[in-house]
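These protein sequences, in sequence, are chains Z and A.
Under my numbering, residues 1 to 156 are what the first sequence spells out, in order.
Under my numbering, residues 1 to 394 are what the second sequence spells out, in order.
The set of hints was computed from the structure by calculation and includes no laboratory data.
Any given hint could be a false lead.
[Stated by the list, open to error] In silico DSS-like pairs for lysine-lysine, Cα to Cα no more than 30 Å straight-line: (1) A:Lys225 x Z:Lys25; (2) A:Lys371 x A:Lys100; (3) Z:Lys21 x A:Lys65; (4) A:Lys176 x A:Lys100; (5) A:Lys176 x A:Lys371; (6) Z:Lys14 x Z:Lys25; (7) Z:Lys14 x A:Lys225; (8) A:Lys354 x A:Lys324; (9) A:Lys354 x Z:Lys138; (10) A:Lys306 x A:Lys100; (11) A:Lys176 x A:Lys260; (12) A:Lys321 x A:Lys65.
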Amino acid sequence: MSKNVAFPFPGLVKGMWVTLKALFKKAPVTMYPDVQEIPVPRARGVISLDVDACTVCMLCARECPDWCIYIEGHKEEQPPSKPGGKPRVRATLDRFDIDYGLCMYCGICVEVCPFDALFWSPEYEYSETDVINLLHNKERLTEWLATVPEPPALER
Amino acid sequence: MTTPEMIHRSETAVSIELQTPDMTLNIGPQHPSTHGVLRLVANIDGERVTDVEPVIGYMHRGYEKLSEVRTYAQITALVNRIDWVSGFANEVPFIAGVEKLMGVEVPERAQWIRLILSELARISSHLVFMSSYPLELGATTPLMHSLREREYILELIEEVTGGRFHPNFNRVGGVKPAYGGGSTTKKQSMDLPEGFFQRTADAMDRMDVICDDIDQLVTGNELIKMRTVGVGVIPGSKALEYGLTGPNLRASGVAYDLRKADPYLTYDQVDFDVAWRPEGDCYDRYVVRLEEIRQSARIVRQAIDKIPSGPLQAKVPRVLKAPKGQVYSRAENPKGEFGYFIVSEGGKIPYRLKIRSTSFSNLSILPWILKGQLVPDLVAIMGSLDFVLGDVDR
Chain Z
1 MSKNVAFPFP GLVKGMWVTL KALFKKAPVT MYPDVQEIPV PRARGVISLD
51 VDACTVCMLC ARECPDWCIY IEGHKEEQPP SKPGGKPRVR ATLDRFDIDY
101 GLCMYCGICV EVCPFDALFW SPEYEYSETD VINLLHNKER LTEWLATVPE
151 PPALER
Chain A
1 MTTPEMIHRS ETAVSIELQT PDMTLNIGPQ HPSTHGVLRL VANIDGERVT
51 DVEPVIGYMH RGYEKLSEVR TYAQITALVN RIDWVSGFAN EVPFIAGVEK
101 LMGVEVPERA QWIRLILSEL ARISSHLVFM SSYPLELGAT TPLMHSLRER
151 EYILELIEEV TGGRFHPNFN RVGGVKPAYG GGSTTKKQSM DLPEGFFQRT
201 ADAMDRMDVI CDDIDQLVTG NELIKMRTVG VGVIPGSKAL EYGLTGPNLR
251 ASGVAYDLRK ADPYLTYDQV DFDVAWRPEG DCYDRYVVRL EEIRQSARIV
301 RQAIDKIPSG PLQAKVPRVL KAPKGQVYSR AENPKGEFGY FIVSEGGKIP
351 YRLKIRSTSF SNLSILPWIL KGQLVPDLVA IMGSLDFVLG DVDR
C-alpha cells in the first residue's frame with residue numbers, strides 16, 4: 001500500500017497562523033502557588049460542620065455512599081427547664097470524623113442533613129503527605145465553617 | 001543501476017532468507033495510545049497485524065454490583081464516574097429510568113437545564129477527543145488549544161453543579177446542586193447562578209472560534225489526512241453488526257441519532273442537524289465529532305432562548321421507593337447510546353442494574369477492524385474510536 005506523499009506546506013502555514021494568533025492572546029493560566037484561583041461559591045471543596053446544630057441523628061453517616069463518616073455520641077441528662085418538670089435528654093456529639101481519603105464529594109450528607117449542620121466550603125488546600133491526616137475530626141471540620149461563602153445570586 | 005524488478009527480486013530474497021514468523025506483541029496495559037489500561041495481545045507479521053485480542057477488565061470497579069446495595073440517590077453519585085469525561089451525560093438516562101419507574105413528571109425548566117448540561121458535557125468530551133487524537137497522530141498543538149477551551153466548559157458546569165467532572169446534579173424529579181444546608185439557602189430554590197446564560201452564550205462563541213482553529217490546525221493538514229483518510233474503514237453494515245453507536249456509527253453513513261430517533265428531554269423542540277459522513281474511515285470519525293461540537297453549540301444557544309422559568313423539582317416523597325417493575329432507559333451520550341436496565345423489586349434499592357456502556361460496544365469491533373492493518377495505523381484506528389476505559393470496564 002503506497003500512498004501519495006503530499007507536501008505538507010499549506011497545512012503547516014495554516015497551523016502556524018493559529019499558533020501565531022495564540023501567541024498574542026492573553027494567557028489564561030493562573031500561576032497557582034503565587035496567584036490563587038477563586039473557586040465558585042458552589043464548588044465542593046471540603047465539608048464543614050456546625051457542632052451546635054448537630055443532633056447526632058446519624059442520617060449523613062447512613063446515607064453516605066462509601067460510609068466515610070464516623071459518628072459517636074451519648075445521651076446527657078439536662079436539668080428540667082421548669083422546676084418540678086421532667087429532666088430532658090440531649091444527645092451530645094463525641095466524635096464526628098470524615099475520612100477525606102474515602103470521600104467522593106457527592107454531597108449527599110450535606111443534602112440530607114435536616115438540621116443544617118453540614119455545609120460545603122470551596123476551600124481546597126488541605127492535601128497531606130500522610131493519608132491518616134486526611135481523617136478530619138470535628139474540631140478540624142468546625143474550622144472550615146468560617147470559609148463557607150454566601151450563596152450566589154440566582155438567574156431570573 | 002537498480003530497476004524496480006531488481007528491487008522486487010532482492011526483497012523476495014530477503015523474505016526467503018529471513019524467516020518472519022508471527023510474533024506476539026503485548027500493547028499495554030500501560031501504553032500511551034490506549035487511553036487507560038487496555039491490553040491488546042497482537043499477533044504481528046512484520047509490520048502487519050494478523051490477529052488482535054483486546055484484554056479488558058483492568059479497571060473493573062463493579063458498578064453494577066455496587067448499585068445493588070445502594071439507594072437511587074447514591075447510585076447517581078456513582079454513575080457519573082463511569083465515563084469520566086462526560087459525567088453529566090451518564091446521569092441523565094439513569095435518573096430518567098428511575099423517574100419512569102416511579103411515574104414522576106419532571107418540570108420543564110429542569111428538563112431544559114438537563115439538556116444544556118448534557119450538551120456542555122458532549123462538547124467537553126469531544127474537545128478531549130480533539131486534543132488526544134491529534135496527539136496520538138503526533139500533533140501536540142491541538143491539545144493545548146482544545147484543553148484550554150474545555151476548561152471554560154468545565155467552569156460552567158462547576159458553577160451550576162459544584163463539580164467539574166462529577167456533577168451529581170440530577171435528582172429524581174428534577175435538578176439540584178448538592179449545595180450546603182443553611183436555613184438561608186434552603187428557603188431559596190437552587191436555581192442557576194446569576195449570569196449563567198450570558199457566560200454560556202459567550203462560551204459557545206468561543207466554541208465556534210476553537211472549531212475554526214482546529215479546522216485550520218488539523219482538518220486540512222496534509223499529514224493528518226495521510227494518516228487517517230482511508231484508514232480503518234468501517235462499512236455501515238459492519239458498524240451495525242457490531243453494535244456501534246454514536247459518532248462512530250454516523251461516520252459510517254448511518255445517520256442514527258437518538259436525539260432525533262427517540263427524542264428524550266426536550267430535544268424535539270430544538271433545531272439541529274445530525275452530523276454524518278459516508279466513508280467510515282478515521283478521518284470521517286474525526287470530522288463528525290468536530291461537526292457535533294458546532295451542532296451542540298447551536299443547541300445550547302437555542303436552549304438559552306427557549307428555557308422557561310418555573311420550578312426545578314417535582315414533588316417526590318422524601319424516601320424514594322420505586323415500585324416493582326423493570327425499565328430500560330437510554331440516551332445519546334457523547335460516545336453513543338448509553339442505557340440502563342433497572343429492575344426493581346420495590347424498595348429503596350434496585351434489584352439489578354445493567355449498564356449498557358457505549359465504549360464497551362464500540363471497542364468490540366477492534367479485532368475485526370485491526371486485522372491486516374499496519375502497527376502505526378493501529379494507534380490511529382484505536383484513537384479514532386474514542387473509547388474511555390472506565391466506560392469499557394465500568
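* Is the hinted pair A:Lys371 and A:Lys100 satisfied, with a Cα-Cα distance of at most 30 Å? -> Answer violated: A:Lys371 to A:Lys100 is near 43 Å, above 30 Å.
* Holds or violated: A:Lys354 with A:Lys324, Cα cutoff 30 Å? -> Given pair A:Lys354, A:Lys324 holds - Cα atoms ~16 Å apart, limit 30 Å.
* Asked: If you draw a straight line from the CA of Z:Lys14 to the CA of Z:Lys25, is it 30 Å or shorter?
  -> Holds - the C-alpha atoms of Z:Lys25 and Z:Lys14 are around 17 Å apart, at most 30 Å.
* Keeping to a limit of 30 Å between CA atoms, is the pair of A:Lys176 and A:Lys100 held or broken? -> Status holds; Cα separation ~19 Å.
* To do: Would you mind confirming whether the straight-line C-alpha gap from A:Lys225 to Z:Lys25 stays at or under 30 Å?
  => Roughly 29 Å between the alpha carbons, so the hint for A:Lys225 and Z:Lys25 holds.
* Taking only the CA atoms, is the gap from Z:Lys21 to A:Lys65 under or equal to 30 Å? -> Violated. Z:Lys21 to A:Lys65 sits at ~51 Å, over the 30 Å cutoff.
* Given the hint that A:Lys321 pairs with A:Lys65, does the C-alpha gap stay at or below 30 Å? -> Given that 30 Å is the threshold and the Cα spacing comes to 19 Å, the pair holds.
* Asked: Taken at face value, is the distance from the CA of A:Lys100 to the CA of A:Lys306 at most 30 Å?
  -> 25 Å, holds
* Please work out if A:Lys176 and A:Lys371 have their alpha carbons no farther apart than 30 Å. => 48 Å, violated
* Is Z:Lys14 within 30 Å of A:Lys225, Cα to Cα? -> 15 Å, holds
* Between A:Lys354 and Z:Lys138, does the CA-CA distance stay at or below 30 Å? -> 39 Å, violated
* Agreement of A:Lys176 and A:Lys260 with the hint, judged by alpha carbon distance not exceeding 30 Å -> With a Cα-Cα distance of about 27 Å, the restraint between A:Lys176 and A:Lys260 holds, given a limit of 30 Å.
Figure legend: structure checked against the earlier numbered hints; hints not met, in rising order: 2, 3, 5, 9.
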